[in-house]
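So you can see what is in the structure, the chains are spelled out below.
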Amino acid sequence: ETGVTQSPTHLIKTRGQQVTLRCSSQSGHNTVSWYQQALGQGPQFIFQYYREEENGRGNFPPRFSGLQFPNYSSELNVNALELDDSALYLCASSLSQGSNNEQFFGPGTRLTVL
Amino acid sequence: AQSVSQHNHHVILSEAASLELGCNYSYGGTVNLFWYVQYPGQHLQLLLKYFSGDPLVKGIKGFEAEFIKSKFSFNLRKPSVQWSDTAEYFCAVNALNFGNEKLTFGTGTRLTIIP
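As given, the protein sequences belong to chains A and B, one line each in that order. Read in order, the letters of the first sequence correspond to residues 1 to 114 in our numbering. Read in order, the letters of the second sequence correspond to residues 1 to 115 in our numbering.
To be clear, the hints were calculated from the coordinates, so they are not data collected in a lab. Note that CB positions come from ideal geometry on N, CA and C, so glycine has one too. Wrong hints could be hidden among the right ones.
Said to hold, decoys possible - Each pair of labels, with its calculated beta carbon distance range: (1) A:Thr-20 with B:Lys-71: 39 to 45 Å; (2) A:Gly-16 with B:Pro-115: 44 to 50 Å; (3) B:Ser-70 with A:Ser-7: 43 to 49 Å; (4) B:Glu-66 with A:Ala-80: 29 to 35 Å; (5) A:Glu-82 with B:Pro-40: 24 to 30 Å; (6) B:Leu-56 with A:Ser-27: 31 to 37 Å; (7) B:Glu-15 with A:Glu-102: 42 to 48 Å; (8) A:Leu-39 with B:Lys-69: 30 to 36 Å; (9) B:Ala-17 with A:Ala-80: 45 to 51 Å.
To be verified - Computed footprint of chain B on chain A, listed as stretches where at least three residues anywhere in the stretch have a Cβ under 8 Å from a Cβ of chain B: (10) 11 to 22; (11) 33 to 45; (12) 100 to 111.
Please work from the sequences and hints to get the whole structure.
Encoded structure:
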């Protein structure tokens with residue numbers, strides 16, 4: 001069983017640029033969630049996708065957007081990068097069936113904005 | 001909106017000492033509760049979870065946690081820690097009335113075990 005994978009591992013961008021981060025869900029999972037983890041903080045929920053539809057969003061501006069594909073992989077896009085966007089971006093997948101679901105996390109993408 | 005508080009930011013213990021890490025959440029409805037661990041250089045891994053039933057749950061590596069609904073708490077315990085338990089520990093809550101699996105995390109507790 002393949003776990004959650006993310007690419008790239010590290011990324012350096014400059015302010016104002018755009019970035020796309022990618023996530024492959026664990027086999028059989030239909031839900032993907034994205035989190036931002038700033039240094040020294042806990043992960044903050046960005047949004048979640050279930051069967052290609054956004055299913056909940058945290059307190060992040062519209063320049064944070066996402067997609068989920070038919071194979072349940074996902075992308076996180078961030079436009080007009082700001083210095084404060086520097087963080088570890090985590091993807092988590094789960095199999096949504098009922099209300100008792102466990103999320104499995106990937107290793108994350110470390111984004112540095114200069 | 002729900003929130004999670006972890007009052008211990010950094011805990012330093014000697015090997016074989018007992019551990020208790022505090023976690024309190026603010027949400028009046030039904031919740032699922034989790035403890036995740038992040039070892040140095042590794043990704044978040046689930047230690048244990050509470051969905052329903054027995055409020056004392058056991059997880060991997062000898063960890064356990066007790067859900068006390070009246071105190072909105074879900075403290076993590078281990079009777080005897082090992083050097084390999086050095087890691088960052090995160091408590092998380094999923095409020096079930098919002099129709100999604102959003103996890104709200106605490107700020108984490110850094111645990112350092114001295115050999």
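Here is how each hint holds up against the structure:
Between A:Thr-20 and B:Lys-71, the C-beta spacing of about 43 Å keeps the proposed range 39 to 45 Å intact. For the pair A:Gly-16 and B:Pro-115, the supplied restraint of 44 to 50 Å holds, since their beta-carbon distance comes to about 48 Å. One distance hint, 43 to 49 Å for the beta-carbon pair B:Ser-70 and A:Ser-7, holds here, with the actual separation near 45 Å. Under the hint 29 to 35 Å, the C-beta atoms of B:Glu-66 and A:Ala-80, about 45 Å apart, miss the expected range.
The supplied range of 24 to 30 Å is met by A:Glu-82 and B:Pro-40, whose beta-carbon atoms lie about 28 Å from each other. A hinted range of 31 to 37 Å holds for the C-beta pair B:Leu-56 and A:Ser-27, which are about 32 Å apart. The hinted window of 42 to 48 Å between B:Glu-15 and A:Glu-102 is violated, with their beta carbons roughly 30 Å apart. For A:Leu-39 paired with B:Lys-69, a C-beta distance near 34 Å keeps the hint of 30 to 36 Å intact.
Distance hint for B:Ala-17 and A:Ala-80: a CB-CB separation of about 49 Å, consistent with the stated range 45 to 51 Å. Restraint check on the region 11 to 22 of chain A versus chain B: 0 residues with Cβ-Cβ distances below 8 Å, three needed, restraint violated. Against chain B, the region 33 to 45 of chain A contributes 8 residues with a C-beta closer than 8 Å to a partner C-beta. That satisfies the three-residue criterion, and the hint holds. Here's how the region 100 to 111 of chain A fares: 9 of its residues keep a CB closer than 8 Å to some CB of chain B, so the rule of at least three is met and the hint holds.
Hint compliance for this structure: hints 4, 7 and 10 are not met, and every other hint is.
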